[in-house]
Amino acid sequence: MGGPPVTGTETVAHRICPLCEACCGLEVTLVDGAVTRIRGHDADVFSHGYICPKGVALKDLHEDADRLRTPLIKRDGRFVEATYEEAFAEIERRLTPLLETHGRDAAATYIGNPAAHKMGLLLYTPVLARALGTRNIYSASTLDQMPKQLSSGLMFGHWLSIPVPDIERTRLMVILGGNPMASNGSLWTVPDFRGKALDLKARGGRLVVIDPRRTETAALADEHHFIRPGSDVFLLAALVHTLFDEDLVRLGRLADHVAGVEELRAAIAPFTPERVAVHTAIPADTIRALARDLAGSAPAVLYGRIGTCTQEFGTLASWLVDIVNVLTGNLDAPGGAMFPKAAAFAANTVGKGGTGRGVPLGRRRSRVSNAPEVYGELPVGCLAEEIETPGEGQVRALFTVAGNPVLSSPNGDRLARALDQLDLMVSVDIYLNETTRHADVVLPGVSPFQDSHYDVAFPQLSYRNHARYSPALLPRGEGVLAEWQVLLKLAAIAEGKGADADPAALDDTMAATEVARWAGDHAATVLAAVSRWTGPERLLDLALRAGPYGDGFGRKPGGLTLAAVSDSVGGIDLGALQPRIPEVLRAPSGRIELAPDILVADLARAVAALDQPAPDLVIIGRRDLRSNNSWMHNLPILAKGPFRCTVLVHPDDARRHGVVHGGRARLSRAGRVIEVQVAVSADMMPGVVSLPHGWGHDADGARLGLASQRPGANLNALLDENLRDPLSGNAVLSGVAVTLEPAPLPAVQAAE
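Mapped onto the UniProt record's numbering, the consecutive letters of the sequence shown carry residue numbers 1 to 752.
Treat the hints as calculated values from the structure; they're not laboratory data. One or more hints might be untrue.
As the list claims (entries may be wrong) - Calculated cross-link-like contacts (lysine to any residue; reagent style SDA-like; alpha-carbon spacing at most 25 Å):
no., residue 1, residue 2
1, K74, Y84
2, K196, R464
3, K201, F244
Working from the sequences, and respecting the hints, build out all of it.
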């Protein structure tokens, strides 16, 4: 990114990009406190100078006139600017009697994907949820990833023990339902996937992509196979069947660490390649050849992502991806699927390895639909009905944090109407978007440049172990609260401590309580060791020093501390992924559970689906490098260029349904209709159309000036909030039947 001629004092700073899972290191040039240039940081130990357009767009985000900079209170249907004191007083005035009258479950929280990229939000939103004491916890996880978390928990004993591809050492990588060329990994943190994929091919390896669309990743691959959306479970089960049938199972050193081999063999028996071929649209011979390749002598890995999660068999598909890697000897092996060892905050690095309590299931269910709680959360598709339905536990107050579920969850129109029925809605966000426009009070987030940063979640999913920290580059401004301070104030109100509670004192108490819980008699010594830090930094220093590479609060000289990580420009490389079984396992048996009862039982549902005919036309979503999240459509650098919210249609389907390239069409389902712009493309599988998620910026009251100029159509407006994977509660966003037809001409044009 260029800039004006330098006339003032120039400084160069470094930070980690918080706009996607790649977490690239950036070099930021500032002149007199203004950002003039952003480029990749060559010395970053993780991303090595790679950057995509999102990193450059941080300047646009910081300077965006639509970004909120002061609290807002809704008065007579209109937002007015307020002080923090006024905003917190308003929340206390309305929340306290509501909880006293209707109980703790009258409140709910929703946290969106951007929070995963902000240390303060990710570490302190749980504090608010605990203070509210509600069972109504929702997040974007049940829109894209909960099936993988559930299957990982059942197999390995923890929700976040998710194996990721060791791409730098593999010789065969098979990608199912993922597009890392656009995402740079998803539940897999891998900056510059393209460069690493080219390196794979240069050393004689192969890249195979299985997807209903010839994605950007498929275009780079050696092979691409179309698959009918929603049939991933059949393909994966047939791969497992072939491994057993052709005596290709190679457990190797994992043989002593697995349970349920024979139960798995029996459960998978109905899924022969020949039987599933018609449902997947992949020939039986191709399925068998793929199984043989994965079981070959070279390191190989199967990676499945969002397409495998956002379907009615999401948990089964997520489970079977890991089963294939186990049975072929490619789990926990260099070049296969391996478990990162994060420097901080990873539960699978704490305590005695090789055994544990496993993951709790069945603790509670949603009040209206009886949907399961998973990982402490209820399905976001249940939120509207929990607000609308009277009775004990009805949701009357909602706190949203960095989220836009009206746009990102199915049937957002229903949710939008429900939000207007709330007695109180509070949002912590940087924009007035399609969701926060319904709030009574909006508390502003801060620019990434005004925030310190450590990736709490993503080192647990990274292709290589590392530790990196970014201090804030610019001041927040006089009187502006950090997001963690906002959340502590909200928690204090929920606990009855009052709107005037001091967040610093609250944080000191919280830290002392937490340290006393695990340090016991040594708590004072531990707190003294981290006394230079407050807020998220104190929690980070505690986690680093107690972590697997830490200094043990002085017991391991040379170990990690926040000071050491902060002083290392570009971060600290902690090495390639290493085998971690059995140490990583936390299931009660101490083994990899290949055949969890609820997964084996759910296979009966998949067997029954083999007898169901395929719909005539189904829809899938897609992501673009420049628009992974809805709010990115308001940033000039990312919004420029061709219009991206088009429905991709195969030429045969275009002729069959009477639509033309560049024309308008109507997509409909169950009485819901959206109008879209058509792009005819042979990259689509016949019988499948694709529309990107995150669009539909035409709601009254939202303040997204640039995004509203080309609002696009909201894919999720077609989808059913009650259609979910029954095990994980994840929304079904892929493989849903739709009707496609030409859009009617406007009245004036028709008359002409």
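Item checked: Hint consistency between K74 and Y84 [alpha-carbon to alpha-carbon, up to 25 Å] -> holds (14 Å)
Margin query: Would the hint linking K201 and F244 be met if the CA-CA limit is 25 Å?
Written below: violated (29 Å)
Margin query: For K196 and R464, compute the direct alpha-carbon distance and say whether it is at most 25 Å.
Written below: holds (12 Å)
Checked against the numbered hints above, the structure violates only hint 3.
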